[in-house]
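Colleague: Order-wise, the sequence lines are chains A and B.
Its first residue numbered 35, the first sequence is counted upward by one per residue in the numbering used here.
Its first residue numbered 35, the second sequence is counted upward by one per residue in the numbering used here.
Hints listed in this document are in silico derivations from the structure and should not be mistaken for laboratory results.
Yeah, the Cβ is synthetic: ideal placement off N, Cα and C, and Gly gets one too.
Everything hinted at is true.
Here's a subset of chain A near chain B, in silico, CB distances under 7 Å, partners left out:
no., residue
1, E54
2, G66
3, T115
4, H116
Straight-line Cα separation of at most 20 Å, SDA-like style, residue types lysine to any residue; simulated pairs:
no., chain 1, residue 1, chain 2, residue 2
5, B, K63, B, T191
6, A, K61, B, G80
7, A, K61, B, E247
8, A, K174, B, K220
9, A, K220, B, P147
10, B, K61, A, R59
11, B, K61, A, D78
12, B, K220, A, V172
13, B, K220, A, Q150
14, A, K220, B, S171
15, B, K61, A, S214
16, A, K61, B, K61
17, A, K61, B, L211
18, B, K174, A, G251
19, A, K63, B, P190
20, A, K63, B, T60
21, B, K63, A, R59
22, A, K220, B, L142
23, B, K220, A, L142
Number of protein chains: 2
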Amino acid sequence: MAERTDQPVITAALLVIGDEILSGRTKDKNIGYIAEFLTEIGIDLGEVRVVSDIEEDIVAAVNALRHRYTHVLTTGGIGPTHDDITADSIAKAFGVSIDVDPRAVALLRERIPDDQLNEARLRMARIPEGADLIENSVSKAPGFSIGNVHVMAGVPTIMQAMLDALAERLPTGRKMLSRSLEAGLKEGMVAGPLGEVQAAFPDVSMGSYPRFEEGIGYTTTLVLRSRDTGRLEEAAAAVEAMLETLRAGTRSS
Amino acid sequence: MAERTDQPVITAALLVIGDEILSGRTKDKNIGYIAEFLTEIGIDLGEVRVVSDIEEDIVAAVNALRHRYTHVLTTGGIGPTHDDITADSIAKAFGVSIDVDPRAVALLRERIPDDQLNEARLRMARIPEGADLIENSVSKAPGFSIGNVHVMAGVPTIMQAMLDALAERLPTGRKMLSRSLEAGLKEGMVAGPLGEVQAAFPDVSMGSYPRFEEGIGYTTTLVLRSRDTGRLEEAAAAVEAMLETLRAGTRSS
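All chains, please: the whole structure from these sequences, using the hints.
Modeller: Structure, rendered in structure tokens:
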């Protein structure tokens, strides 16, 4: 694959933390949002894991992912209750201490009156040593970044605000470009010829997504992705020519 | 934790396979559905991973998960195109051969006329040696089970039909029971006392889920989970008593 090296490829993994996702009680809304957000700013999401609120599972996942990807984003487990163990687990993964952080307490005080700033709420100010805070414009309690791991809330509106704040300081990569083509044909007809075009353009990734549409029947969307505009357009022209040949064959038969 | 051993705890992991989920182009609808389905039939979903259409990543994930959980379910990557590499990757993970399977071809023939059963469509009949087929009542092309790994389609309607077929032959576990309680209080007020009740009931898992509701303001749902009806009811009574004390304190202040 011909990769230009003037702008590096930046990768990320996402770790979703929470029993409620694994029990099906809460339907995750963050994976799709973060996937789209990262693609948009030129960061490749390479892997997602969902783990439960068990310290050793969180530590193992963080350590497996942070050595493999440029960045690791986490969601969930930074609230005030006993099952919110993400911050402590991250500190353990990095082998650093954790304590109530005066910067985080100051942020909480902007929202919570002193007489309501109880022990549980102060849990939200526990930040591993050496971490930078991630601003939370919705409810103040911050996320944090330590090394290449960025810890955010699980509540979607809060996560989204944190992701906006985080994105401002993340170096972004060369953006992945994409082109969608409507085949208007069943996937089983397109698949063989598409494989041949793919072989001719190994540097352009080609995906095929079948669906059933009322009034049209089975059809297929083809998605081409590349970081190089020129190669993307060449590949799109080749796929379009291939589709035209197939459509002509369908009409004449 | 007091676990009765007359019915074993059965665990599962889910492996979602597909570049389109990681790019954000397709929003996954299978994780939440499968999580709820498994909980309902008494199987604990312990972990989810989403990986891209890269053989070594699929093989590594399957081998990491199948030794750790009773079952591994996979979704995606069993269509007719060049990027559908799940069946071949699973065969590699198990170190068995893979070829077009006459049983699967017979199923495809029920739906696809002989003159349209091209090489690409026959890819959908590639099944690892020794696997059992999983019926697909929607579009015929089957999934399969090999060892404790169960391979299903990514299209939600087809995946759901396969899951129904699969569930008939999966041994199920002792069902996890749950009770939801509306706190009517902010999470930061409930968190401390809830931690104390949790400490008294280490065998009942207690989750806390804050939300903002129009007209009510911030409130919190508490979810208690246990496999033992008696313990669940005792814990629920203890939490309800704790909440009543907190509410009385709020009213009098």
